[in-house]
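Let the sequences and hints guide you as you build the complete structure.
One-letter residues, chain by chain:
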Amino acid sequence: MIALIRYTFATVLHTQRYLAPLLLFMGLMGVLTVNGSGPLPPAYASSAGSLFICSTWLTIALMSLDDPPQRAIVVVTAGGRSLTVLLAAISTALLSCLVLMAFGLFFPLWMGDYVVTTTDLLLGLEAQLTCALVGIAIGVLCSRLVFKRQGYALIAALALVMGALFAKGMPPVNRLFTLMATTPDAAELLAPTGVMLAISAIILAVFTVATQFVAGRRE
Amino acid sequence: MLRLQSVSKRYGRGDWILRDVDVEAPAGEIVAFAGGNGSGKSTLLRIAVGLSRPTRGTVAARPPVVGYVPDRFSPNERMSAAAYLTHMGRVRGLTTSAASARAGQLLDRLALVGGKHAPLRSLSKGNAQKVALAQALLVEPGLLVLDEPWSGLDADAHGVLAEIMTEVASSGSTVVFTDHRESVTRARATRTYTVSRGRVCLEGPEPQATEQRPVSDVVLAAGRDGRVPQDLAWKQLDGVTAVRRDATGVRLRVGRESTDALLFTALQHGWSVETVTGTTTDHHRTPNSATNGDMR
Chain W
83 MIALIRYTFA
93 TVLHTQRYLA
103 PLLLFMGLMG
113 VLTVNGSGPL
123 PPAYASSAGS
133 LFICSTWLTI
143 ALMSLDDPPQ
153 RAIVVVTAGG
163 RSLTVLLAAI
173 STALLSCLVL
183 MAFGLFFPLW
193 MGDYVVTTTD
203 LLLGLEAQLT
213 CALVGIAIGV
223 LCSRLVFKRQ
233 GYALIAALAL
243 VMGALFAKGM
253 PPVNRLFTLM
263 ATTPDAAELL
273 APTGVMLAIS
283 AIILAVFTVA
293 TQFVAGRRE
Chain F
26 MLRLQSVSKR
36 YGRGDWILRD
46 VDVEAPAGEI
56 VAFAGGNGSG
66 KSTLLRIAVG
76 LSRPTRGTVA
86 ARPPVVGYVP
96 DRFSPNERMS
106 AAAYLTHMGR
116 VRGLTTSAAS
126 ARAGQLLDRL
136 ALVGGKHAPL
146 RSLSKGNAQK
156 VALAQALLVE
166 PGLLVLDEPW
176 SGLDADAHGV
186 LAEIMTEVAS
196 SGSTVVFTDH
206 RESVTRARAT
216 RTYTVSRGRV
226 CLEGPEPQAT
236 EQRPVSDVVL
246 AAGRDGRVPQ
256 DLAWKQLDGV
266 TAVRRDATGV
276 RLRVGRESTD
286 ALLFTALQHG
296 WSVETVTGTT
306 TDHHRTPNSA
316 TNGDMR
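So the protein sequences, as listed, match chains W and F. For the first sequence, the working numbering assigns the number 83 to the initial residue and increments by one for each residue that follows. For the second sequence, the working numbering assigns the number 26 to the initial residue and increments by one for each residue that follows.
Any given hint could be a false lead.
Listed next, with one range per pair, are the computed distances between beta-carbon atoms [stated by the list, open to error]:
| no. | chain 1 | residue 1 | chain 2 | residue 2 | range |
| --- | --- | --- | --- | --- | --- |
| 1 | F | Pro239 | W | Leu169 | 56 to 62 Å |
| 2 | F | Asn62 | W | Leu101 | 36 to 42 Å |
| 3 | F | Asp47 | W | Leu105 | 54 to 60 Å |
| 4 | F | Asp179 | W | Leu105 | 41 to 47 Å |
| 5 | W | Leu272 | F | Trp41 | 55 to 61 Å |
| 6 | F | Glu165 | W | Gly194 | 44 to 50 Å |
| 7 | W | Leu101 | F | Glu192 | 42 to 48 Å |
| 8 | W | Ala249 | F | Ala52 | 55 to 61 Å |
| 9 | F | Asp96 | W | Arg299 | 38 to 44 Å |
| 10 | F | Ala52 | W | Ala92 | 34 to 40 Å |
| 11 | W | Gly162 | F | Thr80 | 54 to 60 Å |
| 12 | W | Thr264 | F | Trp41 | 56 to 62 Å |
| 13 | W | Phe295 | F | Asp256 | 53 to 59 Å |
| 14 | W | Ala280 | F | Asn62 | 50 to 56 Å |
None of these hints come from the bench; they were simulated from the model. On a predicted model such as this, the values are computed, not experimentally measured, just so you know. Built from N, CA and C at the ideal position, the CB exists for glycine as well.
Below, the structure is given as structure tokens:
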């Protein structure tokens with residue numbers, strides 16, 4: 083698994099497919115969090131939203147790195163375990179998001195004027211992780227493994243991202259943002275955000291299983 | 026021994042690509058699948074290596090370590106050949122140093138042009154094929170599966186590939202390959218299956234005097250315009266079953282159906298046609314005689 087993650091990282095670095103989603107993340111962070119002040123939860127909602135879109139795009143890019151013959155070689159090299167190859171791509175996306183999470187956690191503090199507590203930081207971590215997991219889940223489902231035509235994958239990804247962001251009260255993303263925008267006290271938000279995190283983990287697991295099932299049926 | 030039992034395959038509700046295929050690939054043998062484009066060879070190999078599941082039937086006794094070379098390998102990556110092979114070696118469980126050393130050995134043996142550190146996307150088709158072959162051999166495979174492995178390789182690499190296949194089979198592993206040219210499968214394989222419209226049948230191992238097919242004996246000489254003709258890998262050309270070179274030129278035995286194409290190729294490369302004589306020969310050849318290929 084570690085060797086597969088290293089290979090995926092090396093490939094994505096060589097192809098520079100990470101650049102576009104990374105620049106989008108940086109741009110959104112700059113627009114949404116610079117010169118902020120007051121309670122931290124709304125600022126961290128912005129970080130989490132930026133990471134949500136970035137993680138979706140990054141995951142789609144990661145899942146499309148290898149063309150079908152190369153993917154066939156990787157699967158056979160990994161002992162025929164296509165699920166392991168899929169999990170390695172997901173782990174690579176997750177590790178990349180962890181790096182971005184650190185940026186999303188401290189950039190608002192650096193550029194704005196906030197009173198920081200440990201609870202705020204914990205909430206920021208939970209919120210970003212929630213959005214990263216949902217973004218990765220959408221990216222996995224809208225990958226080449228499920229959609230042969232990239233245009234359809236793009237439309238499906240946009241629909242799911244928009245739905246998750248704007249469907250009123252829908253957990254975990256929209257519900258999380260509503261809570262963080264309306265409740266200034268981080269301590270009150272920790273428990274409901276934890277529930278959203280659990281839901282996002284379940285969504286990722288379900289989407290991963292669905293992707294593996296569809297890819298298996300295709301073969 | 027890899028065994029495919031009553032294997033059938035179709036995608037979705039489409040046409041059957043393979044129907045009731047029974048194949049045995051014993052350890053120590055080089056097994057060939059011959060057939061035209063779209064006959065189902067590649068699908069059969071994908072099932073053999075475990076990339077694709079049969080719609081019906083079973084695959085039994087697949088060895089744990091499988092090396093696979095697909096028919097197309099054109100990675101659009103900046104990563105170097107050496108780095109790519111090192112990564113693949115690590116995925117197979119080698120240490121970084123062992124994977125790097127093994128990659129170097131294989132690339133040296135296959136004579137990769139452009140160097141080990143050339144980006145993969147800058148490699149020609151033949152050189153990319155060499156990298157694909159090297160990744161399949163990083164760890165000694167129990168089953169080596171090659172889809173049209175000679176495609177794009179130069180004459181020297183043809184010989185090295187044949188050596189490697191023989192070595193892998195001699196070590197007790199199974200080698201399976203496809204090629205659309207009967208001459209290649211006859212020359213390299215110890216067991217040949219023909220694939221046609223999804224049906225697979227084993228070619229008879231014993232010569233049968235009743236089954237004869239027309240062949241042509243072709244004598245080629247240097248061109249009369251003084252040009253030196255280009256020597257070709259005659260045995261790799263479609264339909265060529267025997268080759269003999271002498272001081273004045275080359276004598277070939279070729280299946281009648283491939284004679285025109287051979288003559289056209291020869292003329293294009295500066296040869297002059299001395300004689301073409303029609304005759305007949307046994308359709309089936311024993312494995313031992315098939316690996317020889319010299320005209321007596």
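Against the structure, the hints:
The beta-carbon spacing between Pro239 (chain F) and Leu169 (chain W), approximately 57 Å, falls within the hinted interval of 56 to 62 Å. A hinted range of 36 to 42 Å for the beta carbons of Asn62 (chain F) and Leu101 (chain W) is consistent with their spacing of about 40 Å. Checked against the hint of 54 to 60 Å, the pair Asp47 (chain F) and Leu105 (chain W) passes, with Cβ atoms roughly 56 Å apart. For Asp179 (chain F) and Leu105 (chain W), the hinted distance range of 41 to 47 Å is satisfied, since their beta carbons lie about 44 Å from each other.
Separated by about 58 Å at the C-beta atoms, Leu272 (chain W) and Trp41 (chain F) satisfy the suggested range of 55 to 61 Å. With their beta carbons about 59 Å apart, Glu165 (chain F) and Gly194 (chain W) fall outside the hinted range of 44 to 50 Å. Range check, Leu101 (chain W) to Glu192 (chain F): Cβ separation about 44 Å, and the 42 to 48 Å hint holds. Range check, Ala249 (chain W) to Ala52 (chain F): Cβ separation about 58 Å, and the 55 to 61 Å hint holds.
Here the CB-CB span from Asp96 (chain F) to Arg299 (chain W) is close to 23 Å, at odds with the stated 38 to 44 Å. The hinted window of 34 to 40 Å between Ala52 (chain F) and Ala92 (chain W) holds, with their beta carbons roughly 35 Å apart. Against the hinted window of 54 to 60 Å, the Cβ-Cβ separation of Gly162 (chain W) and Thr80 (chain F) comes to about 18 Å, which falls outside the hint. Against the hinted window of 56 to 62 Å, the Cβ-Cβ separation of Thr264 (chain W) and Trp41 (chain F) comes to about 60 Å, which satisfies the hint.
As the Cβ distance of Phe295 (chain W) to Asp256 (chain F) is approximately 54 Å, the hint placing it in 53 to 59 Å holds. For the pair Ala280 (chain W) and Asn62 (chain F), the supplied restraint of 50 to 56 Å holds, since their beta-carbon distance comes to about 52 Å.
When held up to the earlier numbered hints, the structure conflicts with 6, 9 and 11 and fits the remainder.
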